[in-house]
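*Asks:* Sequence:
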Amino acid sequence: MASRHPLFPEKLARYIVEHSVREAEVLRELREATASNPHAGMQIGADQGQFMALLVQAIGARRCLEIGTFTGYSALAVALALPADGRVLCCDINAEWTALARRFWRKAGVEHKIELRLAPALETLAQLEGPFDFVFIDADKENYQNYYERSLALLRRGGLIAVDNTLWSGAVADAKARDATTRALRRFNDKL
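Take 54 as the starting number for the sequence shown in this note's numbering and just add one per residue.
Simulated from the structure, these hints should not be mistaken for laboratory data. One thing to keep in mind: the hints can contain errors.
Restraint ranges, calculated between C-beta atoms of paired labels, are given here [to be verified]:
no., residue 1, residue 2, range
1, 230, 160, 33 to 43 angstroms
2, 171, 229, 33 to 43 angstroms
3, 91, 113, 19 to 29 angstroms
4, 165, 62, 19 to 29 angstroms
5, 226, 181, 13 to 23 angstroms
6, 67, 107, 35 to 45 angstroms
7, 227, 195, 29 to 39 angstroms
Ideal Cβ placement from N, Cα and C applies to all residues, glycine included.
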């Protein structure tokens, strides 16, 4: 597993993962199945999945929202950490990528905990009622501020919002990086 962490050299990042991550077999299989996807870099790492599971358990979450699902690794990590009556509502627009997610959710025995809505996330968010205990935002970066604002309105008091890619592999601190995504993430970070 290569490092995508801007604060750690690859060798140190690998060491940290090898000595701290306890990845369930089904999560490892999904991660490996996703590796052949040309967009595999969009998947969170095993360390991130484990951290999200820890957060969900620490706050006693039962109702979670995921904005951006890809092949379902983060949703699976969260669903495995939830109690039997816990639920994850996932927002995505890609039926092909989420088909792999559904296959692994079923294999892990947590398909009943996960609801997938295939539509633009802002449309789905406009239809939802809270409260949610935990929200994970990992979709189109240009809409992060919109997703965050709507998530705040849906979040319970004391709930958590986790947002992926806010450092954008260090690009947000690089004045030469002026692409639309990096600029959007800078605006989002500044607003927070």
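*Asks:* If a hint holds in the structure, say so; if it doesn't, say that too.
*Replies:* Status of each hint after checking the structure:
The hint said 33 to 43 angstroms for the Cβ distance between residue 230 and residue 160, and at roughly 39 angstroms that hint holds. Remark: the range hint 33 to 43 angstroms for residue 171 to residue 229 is upheld by a beta-carbon distance near 37 angstroms. The hinted range of 19 to 29 angstroms is not satisfied by residue 91 and residue 113, whose Cβ atoms lie roughly 38 angstroms apart. Checked against the hint of 19 to 29 angstroms, the pair residue 165 and residue 62 fails, with Cβ atoms roughly 42 angstroms apart.
Distance hint for residue 226 and residue 181: a CB-CB separation of about 34 angstroms, inconsistent with the stated range 13 to 23 angstroms. Taking 35 to 45 angstroms as the suggested C-beta distance range, the pair residue 67 and residue 107 does not conform, at roughly 21 angstroms. Checking the proposed 29 to 39 angstroms range against residue 227 and residue 195 shows it is violated: the Cβ atoms sit about 19 angstroms from each other.
In summary, the numbered hints that this structure violates are 3, 4, 5, 6 and 7.
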